[in-house]
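Q: Note that the protein sequences, when read in sequence, are chains H and F.
Heads up, the first sequence is in the numbering used here, so the first residue is 855 and it goes up one at a time.
Heads up, the second sequence is in the numbering used here, so the first residue is 274 and it goes up one at a time.
To be clear, the hints were calculated from the coordinates, so they are not data collected in a lab.
Glycine is no exception: its CB is placed at the ideal position from the N, C-alpha and C atoms.
No incorrect hints appear here.
Pairwise CB distance ranges, derived in the manner of DEER restraints: (1) H:Ala869 with F:Ser279: 27 to 35 Å; (2) H:Arg907 with F:Trp449: 27 to 35 Å; (3) F:Gly365 with H:Arg907: 23 to 31 Å.
Residues per chain are reported as follows:
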Amino acid sequence: MRLPRLQPARLGAGALVIAALAVGQSMNDHLPEQHDDRAFERTGVVGQPVDLRFGTVEVTSVDGSTVTAGSYGDRIATPGVFVVVEFTFTATNERAGVSYGELRAASGDLVTFSSFGERTRIDCGMSQPSFTNDCTAVIEVASKDLAGATLALTKEFVDPRFDDMAVVDLGITKDEAREWARRTDPIVPRKSATRMESS
Amino acid sequence: MARMRSWLSGLSLRYYLYSAGVVVLLCSGLFGGLDEATPDEPGVVKVAAQTEAAPFRLTFERARWSTKLTEKLASDRGRFLIIVAKVENTSGRTVSAGTLQEAVRLDHVPGIFKGPDGAKVVPSSQVDPQVLVKVDGSSLGPLNPGLHHEVAFVWEQRGAEEPPTSLRLRLRTHTWRESSIDEQLGWFDPTTYAGITLPVTEVTS
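With the rest of the complex left out, here is chain H (with noise of 0.2 Å):
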């Protein structure tokens, strides 16, 4: 076997090759990131409706102590604050529910969360279109991170990237943080369940 001699015919086309390949480069670094992603956020306050494209939460209470009942109804207790917050979720168009949230605190904080948890999770289940169903959010957070802080909430928690959020302030204050991190009287957080009216 001998070196093949180079053709001009080869030579161009290894050179469109590469140009192409060099394209393709240009573009990719000049696409928007992937990370640009992010849900369409839809802000609110406590005792606001906030409307999504899949459905409508409302957050009605927002209540903290070092004690709660976790998923199983075990007494659980934090070095933090469990805070929990209640709400309300009706579906639109079609069955939903919401099953992802994340409590962003003032400082930067991150708590992310979903239905699978029994510390930190949301209890809501699936509401079908115009009934209303309540819901609640237990999270355990560090006291510093509760005055200030919001809360997002979505239904998808495979990748929430991709749909409506509702982003609510929770209205906490440092003096409220500073109570909840001492109170010791446990709070019972309420099932989820289906409102049996449609709206």
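For this one, chain H is given, so just place chain F on it according to the hints.
A: Relative to chain H, chain F alone:
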């Protein structure tokens, strides 16, 4: 020059490939060639000393064995090996339970069950321990930032084995990077950086 060109053009492609291989092998010889690379010797962490196993700060306090873990949980097939430690997630965001389980590997302890429900016994270094919160016995699950928990790492050992007198843990650190599968960021690539040996005593209550 013309003779050289003529000689080179007469050589086969296979000859060129062999020559390139020899050149690569000779160059690699400068860095040890095909010798087996010696991994860096892991450091030694002392009992009750803080250590950083990204994304965690860990302090190992003591090791115990017992047939009873909590009021409700006893072993009917052997005993629990328990290492008590303080743990803090220093990353600023929630870290999965699996990452904390991967941060410790129990070495060379015979008769360790693969999990709390399975009857299979596997090498102890392959077993992810249960992680329980000491104050209430609940499963720790994902660890949120800024919280300091005292936890128990728990393995279950077959009753036919003698209880160990010491436990040797390998400590592993993780790297924060993008997943090559779904491009989401996470903690990957657990890598041993240190070891710790704890004497074991029986819990007598």
